[in-house]
Amino acid sequence: MKLTKRMFLGLAASTAFVAMPLAALADGWTPKRPIDFTIMAGAGGGADQIARFVQSVVEANDMTNRPLIPTNRGGGSGAEALLHLKDARDADHTIMVTLNSFYTTPIRQEGLGIDIETFTPITMMGVDPFVLWVHKDSGITTFEEYVAKVQEMDGDFVMGGTGSGQEDSIVIAAMSDAYDLKIKYIPYDGGGAVAKDLAGKQIMATVNNPAEAKGFYEAGEFVPLLAFSDERMPAYPDVPTMKEKGHDFSYYNQRAIVGAPGMSAEAAAYYREVFGKVYKGADWQGYLTAESLSPLPMDEGETRAYWSVQVENHRKLLSALEGGS
Amino acid sequence: MEVLTFLTDGVLLALAPTNLFLILIGVTVGLFIGAMPGLGSVNGVAILLPITFLVPPASAIIFLAAIYYGAMYGGAISSVTLGIPGASTAVATTFDGRPLALKGRASLALVTAAIASFIGGTVANIFFTLFAPLLAFLALSFGPPEIFALMLLAFATFVGLGGDDIPKTIFSICFGLVLATVGFDTISGEPRLVLFDIPGFLRGIGFIVLAIGVYGIGEMLWTIEQTRGEITTTNPKMTVRGMASDTKEAIRDGWKGTWIGSFIGFFVGILPAAGATPGSLMSYGVAKMVSRRSEEFGQGSVDGVAAPEAANNSASTGSMLPMLTLGIPGSPTTAILLGGMVIWGLTPGPRLFVDESEFVWGLIGSFYISNLAALLINLAFIPLFIWMLRMPFTILAPLIFVLSIVGGFAAARSMHDIWLIVIFGIAAFFMRKFDYPLAPAVLAIVLGPIAEPTLRQSLLLSSGDPMIFLTRPIAGPITVIAVILILLPAIKLLRKGRRPSEA
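As they're listed, the protein sequences go chains A and B.
In terms of our numbering, the first sequence opens at residue 988 and continues consecutively.
In terms of our numbering, the second sequence opens at residue 7 and continues consecutively.
Hint data in this document are derived by calculation from the structure and do not stem from the laboratory.
One or more of the hints may lead you astray.
Which bits of chain B does chain A cover? Going by a derived footprint, with three or more residues having C-beta under 8 Å, they are [as the list claims (entries may be wrong)]: (1) 186-198; (2) 355-364; (3) 461-472.
Derived CB-CB ranges, DEER-like [to be verified]: (4) A/Pro1282 <-> B/Val489: 53 to 59 Å; (5) B/Asp361 <-> A/Glu1231: 29 to 35 Å; (6) B/Phe38 <-> A/Arg1219: 48 to 54 Å; (7) A/Gly1100 <-> B/Ser300: 51 to 57 Å; (8) B/Val360 <-> A/Met1285: 21 to 27 Å; (9) A/Lys1267 <-> B/Phe407: 48 to 54 Å; (10) A/Gln1138 <-> B/Leu466: 17 to 23 Å; (11) A/Asp1102 <-> B/Lys439: 47 to 53 Å.
Where chain A lies over chain B, by a calculated footprint (3+ residues, C-beta under 8 Å) [stated by the list, open to error]: (12) 48-62; (13) 320-334.
All figures in this text were calculated on a predicted structure; none of them were measured in a lab.
Using N, Cα and C, we set each Cβ at its ideal position, and we do this for glycine too.
So that you can see chain A by itself, here it is in the shape it has in the complex (with noise of 0.2 Å):
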């Protein structure tokens, strides 16, 4: 038999007919590329750790056919991950891991035009809560000593913290809103060296993710005060909350991979199955009590929901932090 030229076009069309709808029937959809991993976080924070430990336990386990390719663009507190995400030219192949900034920098920043809304929600991986932490040194044990310290000091009192409008100066804002305090606060480029200085006595208090003063509290130098969570931490089951006191103040900073606007809904299916894997599996819920963060599983539509309600929340928290300041 002859193998003419179209003869062979023909099979090759017609395999291709047969294997197509069998290949996505078994698979669904599947990445044709590396994926672009994008960090909305500079090399080292807490954003980044969790996202090379995600990308740790898919490539430990095999879990995508295409590597995922962890980019860090924290650059403008996000806004060049944000502004990377909308005008990705492959929508597919792009998610991003977030903090609260996802949040924030759309509302200080409007000229980016950026509207989260549009994003593709993926997978909650966990909430971060916040703790207000003195030096031992300090001889304050309790948050009523603490806010009778800064009372006192009247505006000497010198906290730490990522930046104005980052999370940990809204929490502040709020709580000297709700005490009355007066801070001077001495912004850091990063939790990590807000708690270095801490452990320095470089400043007297912080608020910080219990991951990066734990290393701190464990030996003993760093004493957590309050902690702005929804109820009592199980990792520190004595530290009274700010809702316990009577005011009606929680926050978290989010840990969530999200897609790209304009993702198809099949690849948003696939990363939300593979995200999935991750979040039950025993690496994660390892690390989720280890650095004593909360689990907040959502479906798309709960997370779209809390979006808007975050957006808000955000909206007037900021609005108060610029009003007050």
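Given chain A, work out where chain B should sit, using these hints.
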């Protein structure tokens, strides 16, 4: 001696077959990653981090630390052979390494770099082993005012770097400082100087981008224009005897720079805000200042290669210290290592030495082994790099362009950076043509982002009172020395200026 027992156990752990194998692989991989312009240890460690899940945590960090070490050695290779800093830590190595290579003494520069790196690393290891907890305490006592004072000192040691034309030097520093402020302002939390509203500027202008533009593209254009494509390196030769005599010469002429670099590098390296790059730049400045033959600096001084190379290795060990004892990264690379430790289920911080003593001492033991391995592997590869230099310039030049562009892209995967590299390259060519020194601009873009926030934090702390830099016990003396150093050339200049008029 309790420490010695711990250390022996650690060294034995590092010598276990798997770990030793990982060290050799890590150092070699690191060497080549470091030698690629643009790619430094931070990229190597980040790329290979997921691989480390296959081995126990102690082996994993030993592997990553070996890459870090290898990259510190490797950075010198492209600084010397190509004239492009392989990593930000090796920028000062180009100042004298490149001139040496152009004189046909590339092998001397590379041997000096290797030996100085080895000594720097060893000195740092010994400090680390003996005084880790004490030094951690010292690092903590450096708050914003102290770090700013230190940056002032770093600028001061570099006042003489730009040659004699002070207005042009100042212009170059200001140019670098302006570039350093582009991007995002941590203090106010607002973007600033986002030129032409191009989103790429939100990230700021990275040191690597400027360095590759200035040294990779700018220098190449300059060389091409000067030589019209004639071969510039004068027939570098490489023999065993040549290497032996290079070693002798490196030790004879570079010992002073090596010691200066080893000590300064380590102490700057342990400060979390500073790290290896300022450490190596400061060492270069100090080595030049105390040298009796300071006029040779910039023309191909052996001390000028030894000081920054000893410093960057010493500082890379030093920057492990705050990471392990405080859980605070001293450099971008240790930030990734720190993330790795969290992933492996370890809590870096004050308890690590007690709770995970086997891990910590295994790592410290591996520093000694990695350092030795890096020296030997590096020396073994020097002939290869020298051989590369013998390529005709017409082949080498396009290769360098390609390496610059690829390396510049790989660091942040951004086309924006590539355009900047090209623009900086052309700008650097013209600055060079009009005799503007470029090193101060590069220095400013490294130190600016550290100096500016610490200055503003300090002034916030003191409610605007600049006396904070003089009244604090550590910041005070450093500031005074820095101010004296800054004024010294001015005083000399005044005297010089007066003498002829008197005569």
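Status of the hints after comparison with the structure:
With 8 residues having a beta carbon nearer than 8 Å to a beta carbon of chain A, the stretch 186-198 of chain B meets the requirement of three or more and the stated coverage holds. Only residues whose beta carbon comes within less than 8 Å of a beta carbon in chain A count, and the stretch 355-364 of chain B has 4; three or more means the coverage holds. Coverage of the stretch 461-472 of chain B by chain A holds in this model, with 4 residues showing a Cβ closer than 8 Å to a Cβ of that chain against a need of three. Under the hint 53 to 59 Å, the C-beta atoms of A/Pro1282 and B/Val489, about 55 Å apart, fit the expected range.
Restraint check, B/Asp361 to A/Glu1231: a C-beta distance of roughly 32 Å satisfies the suggested window 29 to 35 Å. For B/Phe38 and A/Arg1219, the hinted distance range of 48 to 54 Å is satisfied, since their beta carbons lie about 52 Å from each other. One distance hint, 51 to 57 Å for the beta-carbon pair A/Gly1100 and B/Ser300, holds here, with the actual separation near 55 Å. Against the hinted window of 21 to 27 Å, the Cβ-Cβ separation of B/Val360 and A/Met1285 comes to about 40 Å, which falls outside the hint.
Separated by about 49 Å at the C-beta atoms, A/Lys1267 and B/Phe407 satisfy the suggested range of 48 to 54 Å. At about 21 Å, the beta-carbon gap between A/Gln1138 and B/Leu466 stays in the expected band of 17 to 23 Å. For the hinted restraint 47 to 53 Å between A/Asp1102 and B/Lys439, the CB-CB distance of approximately 48 Å keeps it satisfied. Residue count for the stretch 48-62 of chain B with a Cβ under 8 Å from a Cβ of chain A: 6. That meets the three needed, and the coverage hint holds.
Coverage of the stretch 320-334 of chain B by chain A holds [criterion: at least 3 residues with CB-CB distance below 8 Å; count 4].
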